[in-house]
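Undergrad: Please build the complex by placing chain B with the ligand on the supplied structure of chain A, with the hints as guidance.
These protein sequences, in sequence, are chains A and B. Per the numbering used here, the first sequence starts with residue 1, numbered consecutively. Per the numbering used here, the second sequence starts with residue 1, numbered consecutively.
Think of the hints as simulated: they come from the structure by calculation, not from any bench. If you're wondering where the values come from, they're calculated on a predicted model, not measured in any experiment. Quick reminder that beta carbons are idealized off the backbone N, C-alpha and C, glycines included. The reader is advised that the hints may include incorrect statements.
On the chain B side, residues computed to face chain A include the following (Cβ under 10 Å) [claimed, not checked]: (1) Ala27; (2) Phe101; (3) Asn104; (4) Pro116; (5) Glu118; (6) Arg122; (7) Ile153; (8) Phe156.
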Amino acid sequence: MASKPRTLYEKIWDEHVVERRDDGTCLIFIDRHLVHEVTSPQAFEALRIAGRKVRRPDLTLAVPDHNLPTTARLDASGARLPIADQESAQQLAALEHNVAEFGIRYFHATAREQGIVHVVGPEQGFSLPGSTIVCGDSHTAAHGGVGALAFGIGTSEVEHVLATQTLLLKRSKSMEVRVEGELGTGVTPKDVILHVIGRIGAAGGVGHVIEYRGSVFEQMSVEARLTVCNMSIEGGARAGLIAPDDTTFAYLKDRPFAPRGEQWEQAVAYWRTLRTDEGAEFDRSVLIDAADIEPSVTWGTSPEDVLPITGVVPAPESFADPSKQKAARASLDYMGLEPGQRLTDVAVQNIFIGSCTNSRIEDMRAAAEVLRGRKVHPNIRWGIVVPGSGLVKAQAEAEGLDRIFIEAGLEWREPGCSACLGMNPDKVPAGERCAATSNRNFVGRQGPGARTHLMSPAMAAAAAVTGHLADVRDLAKEPA
Amino acid sequence: MEPVRQVEGRAYPFGQKNIDTDIIIPAHWLKTITREGLGQGAFEVLRKEDGNVFDDERYAGAPILVAGDNFGCGSSREHAAWALIDMGVKAVIAPSFSDIFSSNAFKNGILTVVLPQEQVDRLVEVAQTETIAIDLESQTVTTPFQDRFSFEIDPFRKACLLDGLDEVGLTMASDAAIGKYEMQLAASRPWMARGTGLAA
Ligand code: SF4
Numbered sequence: 001m002a003s004k005p006r007t008l009y010e011k012i013w014d015e016h017v018v019e020r021r022d023d024g025t026c027l028i029f030i031d032r033h034l035v036h037e038v039t040s041p042q043a044f045e046a047l048r049i050a051g052r053k054v055r056r057p058d059l060t061l062a063v064p065d066h067n068l069p070t071t072a073r074l075d076a077s078g079a080r081l082p083i084a085d086q087e088s089a090q091q092l093a094a095l096e097h098n099v100a101e102f103g104i105r106y107f108h109a110t111a112r113e114q115g116i117v118h119v120v121g122p123e124q125g126f127s128l129p130g131s132t133i134v135c136g137d138s139h140t141a142a143h144g145g146v147g148a149l150a151f152g153i154g155t156s157e158v159e160h161v162l163a164t165q166t167l168l169l170k171r172s173k174s175m176e177v178r179v180e181g182e183l184g185t186g187v188t189p190k191d192v193i194l195h196v197i198g199r200i201g202a203a204g205g206v207g208h209v210i211e212y213r214g215s216v217f218e219q220m221s222v223e224a225r226l227t228v229c230n231m232s233i234e235g236g237a238r239a240g241l242i243a244p245d246d247t248t249f250a251y252l253k254d255r256p257f258a259p260r261g262e263q264w265e266q267a268v269a270y271w272r273t274l275r276t277d278e279g280a281e282f283d284r285s286v287l288i289d290a291a292d293i294e295p296s297v298t299w300g301t302s303p304e305d306v307l308p309i310t311g312v313v314p315a316p317e318s319f320a321d322p323s324k325q326k327a328a329r330a331s332l333d334y335m336g337l338e339p340g341q342r343l344t345d346v347a348v349q350n351i352f353i354g355s356c357t358n359s360r361i362e363d364m365r366a367a368a369e370v371l372r373g374r375k376v377h378p379n380i381r382w383g384i385v386v387p388g389s390g391l392v393k394a395q396a397e398a399e400g401l402d403r404i405f406i407e408a409g410l411e412w413r414e415p416g417c418s419a420c421l422g423m424n425p426d427k428v429p430a431g432e433r434c435a436a437t438s439n440r441n442f443v444g445r446q447g448p449g450a451r452t453h454l455m456s457p458a459m460a461a462a463a464a465v466t467g468h469l470a471d472v473r474d475l476a477k478e479p480a
Numbered sequence: 001m002e003p004v005r006q007v008e009g010r011a012y013p014f015g016q017k018n019i020d021t022d023i024i025i026p027a028h029w030l031k032t033i034t035r036e037g038l039g040q041g042a043f044e045v046l047r048k049e050d051g052n053v054f055d056d057e058r059y060a061g062a063p064i065l066v067a068g069d070n071f072g073c074g075s076s077r078e079h080a081a082w083a084l085i086d087m088g089v090k091a092v093i094a095p096s097f098s099d100i101f102s103s104n105a106f107k108n109g110i111l112t113v114v115l116p117q118e119q120v121d122r123l124v125e126v127a128q129t130e131t132i133a134i135d136l137e138s139q140t141v142t143t144p145f146q147d148r149f150s151f152e153i154d155p156f157r158k159a160c161l162l163d164g165l166d167e168v169g170l171t172m173a174s175d176a177a178i179g180k181y182e183m184q185l186a187a188s189r190p191w192m193a194r195g196t197g198l199a200a
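Chain A on its own, in the form it takes in the complex (with noise of 0.2 Å):
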């Protein structure tokens, strides 16, 4: 008899199903365990009272990204500099200290190999396809490029995942996101998810698991797939994934982690059976023709308050829902915006190219495309490009980057999560607005009173050039 036919994502989950109970509770296998600084030193240390050790050592990587300050990190000489903030130093020093007792791999603050927990998964072939994949940071969706059920834990989970490398989870819903077609000029992969988020709100997927189909996914590259991913969370979803395929495949082949010979063989044969069967069923479908989505920009403190960048600033009354008229003028006070006004004549002064969603090579490429000969604009305060890794920042050095962006007038950082979130020192001060590639808009999430407009690495660059939110296709008329 034919199996019922069954999405990736329940491939998956019933692939890493150890023990199933009565109520529907499984216990699921992890495969692959990501520890940064700043969700992981409770767990460790309940590890330590308990007298428990870490089960997988083997299957868990660490590397500090959130607290790291983004300034030089070596002295001339070559010798490493102190972090100012004395909590930080001392949370990085926890995990230096934990990840020697319990026997991980550790890429080190000032490592090559060093960056966002999300970057340095797949970069350095960690993270596979079929795998499951967690991280104490709601962003590890991001995974799902490479095909893996990658999803966020709190430190609770930490410790149990450390402890006994499972989880014990309900299996989610799945949900279908569908984009046909061929996307228009200066739409890049962010445009795709903002819009996606703007469709389905920031409370669309709750409950779900999101698998991304169709033309436009399987034409895009694995970075640009890892982007998608990424913001599933943003639209209430606590994974995202797109099925592997050849270009995965090439992707990830010979990265320091990935499977070799004989091996590699094996896993690309079973890499090609993760698809959706033919009659599988989803909970929910969500179709999007690639020809209605525009460059777009967020607006207010939800993700999900996107707007192409051709459009004005919303009224709260034309939302139908009260609540969200509520929220609409609340969000209206909070960014310094009126409703009617043009997008592109909200100026701001700072700029955020960096964050798991936008830091990798194709993104600064993107980025340096905008800005090769031109320069910032004099409204511009401040403005930063941050990496997400020392490998993406050392192939954008060779590649003469670095230089396009210093040349420009913006700063070229060290990696690390940066101004996503307001905990490290780069944050953008209150009232100030931020054109920022990152994935979270919310109050206060870029420093207390900051105003954050998400957008494409290319917008971004193009808001830097302009000096307001800019439609990136506009300078792509004018020469630099």
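TA: Chain B with the ligand alone, transformed into the frame defined by chain A:
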């Protein structure tokens, strides 16, 4: 984890919707390496407002927080749960919670009680002057005015809370099953065993 049976006492009549974890505990508090002391940073931005419930004498040290829809959305930071515990909160009542917050709360022995909006509204009103009692065994919330509301809770979570069971300890009892899975994995997907290339 300490067993949780009843939570009784004053309650913060808070009631706001869509409170994200950045509001419960802002990012600059996440530099800590312990679970303690986060109560000082809890609801920091809201506490700057005059007349906020958290600085109201009447509710000082209240073990219950009555909140609004979608409480705890946003980031996965468990610091939100630790901040509540540090303030002395042992139970949160709301019309709904984000998935990850309710899981983080449960793992720290905080009882999350889901009740319909009108019952939550009623409790916000009662909490201004009276105490509220939550009984986990009978799954009820009661007030001195004879209000009696029933709530649902996942049986596994209920048992863990009542007995103060430690989930890691429970899963470690499945050690043999995990070991068996690892053996099978080495045969069915051998390339996954490579990991970071360090010996276990
Ligand atoms: S860049 Fe931002 S979203 Fe990504 S891991 Fe760092 S803090 Fe989390």
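Undergrad: Which hints from the list above does the structure break, by number from lowest to highest?
TA: 4, 5, 6, 7
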